[in-house]
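Participant: Residue-level listing of the chains:
2 protein chains.
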Amino acid sequence: MRLIVNRVTSLFKSYSKEEKALIASIKMITGSKPFNLKPYQIATQHTSVAKALKKGFKESNERLEYLGDSVLGMVVAEYLFKRFPFKDEGFLTELRSRIVSRESLNNVARTIGVPQIVRFDRKRKTPNSHKSLYGNTLEALIGAIYLDKGFRHSRKFILKKLLLPHFDLEEIINTTKNYKSKLIEWSQKHSKSPTFEHIDTIDKGHYKEFIIEVKVDDEPIAKGHGLSKKKAEQDAAREACIILELEQ
Amino acid sequence: MRLIVNRVTSLFKSYSKEEKALIASIKMITGSKPFNLKPYQIATQHTSVAKALKKGFKESNERLEYLGDSVLGMVVAEYLFKRFPFKDEGFLTELRSRIVSRESLNNVARTIGVPQIVRFDRKRKTPNSHKSLYGNTLEALIGAIYLDKGFRHSRKFILKKLLLPHFDLEEIINTTKNYKSKLIEWSQKHSKSPTFEHIDTIDKGHYKEFIIEVKVDDEPIAKGHGLSKKKAEQDAAREACIILELEQ
Chain A
1 MRLIVNRVTS LFKSYSKEEK ALIASIKMIT GSKPFNLKPY QIATQHTSVA KALKKGFKES
61 NERLEYLGDS VLGMVVAEYL FKRFPFKDEG FLTELRSRIV SRESLNNVAR TIGVPQIVRF
121 DRKRKTPNSH KSLYGNTLEA LIGAIYLDKG FRHSRKFILK KLLLPHFDLE EIINTTKNYK
181 SKLIEWSQKH SKSPTFEHID TIDKGHYKEF IIEVKVDDEP IAKGHGLSKK KAEQDAAREA
241 CIILELEQ
Chain B
1 MRLIVNRVTS LFKSYSKEEK ALIASIKMIT GSKPFNLKPY QIATQHTSVA KALKKGFKES
61 NERLEYLGDS VLGMVVAEYL FKRFPFKDEG FLTELRSRIV SRESLNNVAR TIGVPQIVRF
121 DRKRKTPNSH KSLYGNTLEA LIGAIYLDKG FRHSRKFILK KLLLPHFDLE EIINTTKNYK
181 SKLIEWSQKH SKSPTFEHID TIDKGHYKEF IIEVKVDDEP IAKGHGLSKK KAEQDAAREA
241 CIILELEQ
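The listed protein sequences correspond, in order, to chains A and B. Here the first sequence is numbered in the UniProt record's numbering, starting from 1 and rising by one per residue. Here the second sequence is numbered in the UniProt record's numbering, starting from 1 and rising by one per residue.
These are calculated hints, taken from the structure and not from any lab test. Backbone N, C-alpha and C define an ideal beta-carbon position, used for all residues, glycine too. Hints may contain errors.
Covered, in the sense of this in silico footprint (three residues per stretch, anywhere, with C-beta under 8 Å from a C-beta of chain A), are these stretches of chain B [claimed, not checked]:
1) 180–190
2) 237–244
Derived pair list, reagent style DSBU-like, types lysine-lysine, alpha-carbon separation capped at 30 Å [stated by the list, open to error]:
3) 231/A x 17/B
4) 189/B x 58/A
5) 82/A x 20/B
6) 160/B x 82/A
7) 27/A x 161/A
8) 223/A x 208/B
9) 13/A x 82/B
10) 156/A x 82/A
11) 17/B x 82/B
12) 208/B x 215/A
13) 33/A x 156/A
14) 58/A x 208/B
Please construct the entire structure, taking both the sequences and the accompanying hints into account.
Facilitator: This is the structure in structure tokens:
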């Protein structure tokens, strides 16, 4: 119902030249025209050019980025869940984090034309702060599509316009470094045996951090920390790989 | 279409006594009968009792937990986004992490009857490993509802059966500790001035960890780390609050 109202409303609205240009760009990037332009206008507006709506609150794209990030995370989670029915949740989590990483979102955002639609204050930004600007704007754009057209449409955008054309999953899987496997492999080759020991849990308020120590043949090699024991093990194994010079 | 097929199939299936009991429990917890029982059977089956489907792969509820976690995160993100139109993404992120924390999910899971449907090996579990069993199963149950009935239905379950009846948002907001605000408040009262300085970034493979040092009147007090500068600042402020004994 909301979608129909938005669609009808959009037919009778007259737009400025700038708005028409944004509509054309959105159509190019997402494959269809917006029903309601407002969320896209907010999505393409960096904090540096955002107006203060009320004291201490700016209508920038950061809220939409938060929303879009969660939609993206869910859609990718579901896709990987169905695509890899015999892979465990550790594999799926790791693969997802590679796909939605700052770096890969920035690359995709550049490829599909996000730099052409984002507005930011070029004077106030240093070259470094551009780094995640495009990836963040892409997430905000996903948030805008979700608000404008609902879940199914934003899911379709993520899969058809981002994930499938721009990510080679096989390649990502092959280059994903599994430090624990590497350490175990190396140990077997040298008739050694690695063990992971949970030595401490640090209470960080409403979450916990785990500390894991890895030993090879009872000799302590490295420690790692993480928000789950699995992550702490990977972190410890990564440290151990560096110390034992197993890095490629 | 898939939903209709599932619904029709479920009408003609005959169930064992155990399956009928599970269907009744699912109806009690979620408010409606499953179309397809299979995902719920998997969701309520802890790794300790899961069968090995093929070498190295067990059909336990951990994959569904990964899926359900992402659906839950997204639905809560959207709800908070709309409920608090003038709050920034830092507030929304913090509030969401409180809602979906291990501890609160465990509590809700206990209240709605998850302990009655989860199957696990009581011999192999220590009292400690029960800790997050129910919260994890609740996430897996959300994953099962999503697979069985789609996004809208699982969203309704999360909002109507979990979030609205079991969380007092005002109370959560009031008890959320903002260590940075607390430190700034204390400093102003004592005519001191706190500064946060980004002193290091550690490259952890495909993510970065930021190290922030907090000083009060140029005297270094504490360091904090986190996956964003904001989080590292909060962590440093938390440490500083402990050192300065500002904890309530």
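Participant: Evaluate each hint against the coordinates.
Facilitator: Right, here's what the structure says about each hint:
1. 180–190: With 0 residues close enough to chain A, the hint is violated.
2. 237–244: violated (count 1)
3. 231/A x 17/B: violated (41 Å)
4. 189/B x 58/A: Between residue 189/B and residue 58/A the Cα gap is close to 28 Å, so the pair holds against 30 Å.
5. 82/A x 20/B: holds (27 Å)
6. 160/B x 82/A: holds (27 Å)
7. 27/A x 161/A: holds (12 Å)
8. 223/A x 208/B: holds (18 Å)
9. 13/A x 82/B: holds (25 Å)
10. 156/A x 82/A: holds (15 Å)
11. 17/B x 82/B: Distance of about 44 Å is beyond 30 Å: violated.
12. 208/B x 215/A: holds (26 Å)
13. 33/A x 156/A: holds (15 Å)
14. 58/A x 208/B: With Cα atoms ~27 Å apart, residue 58/A and residue 208/B stay inside 30 Å; holds.
The structure fails hints 1, 2, 3, 11 (numbered hints given earlier, in ascending order).
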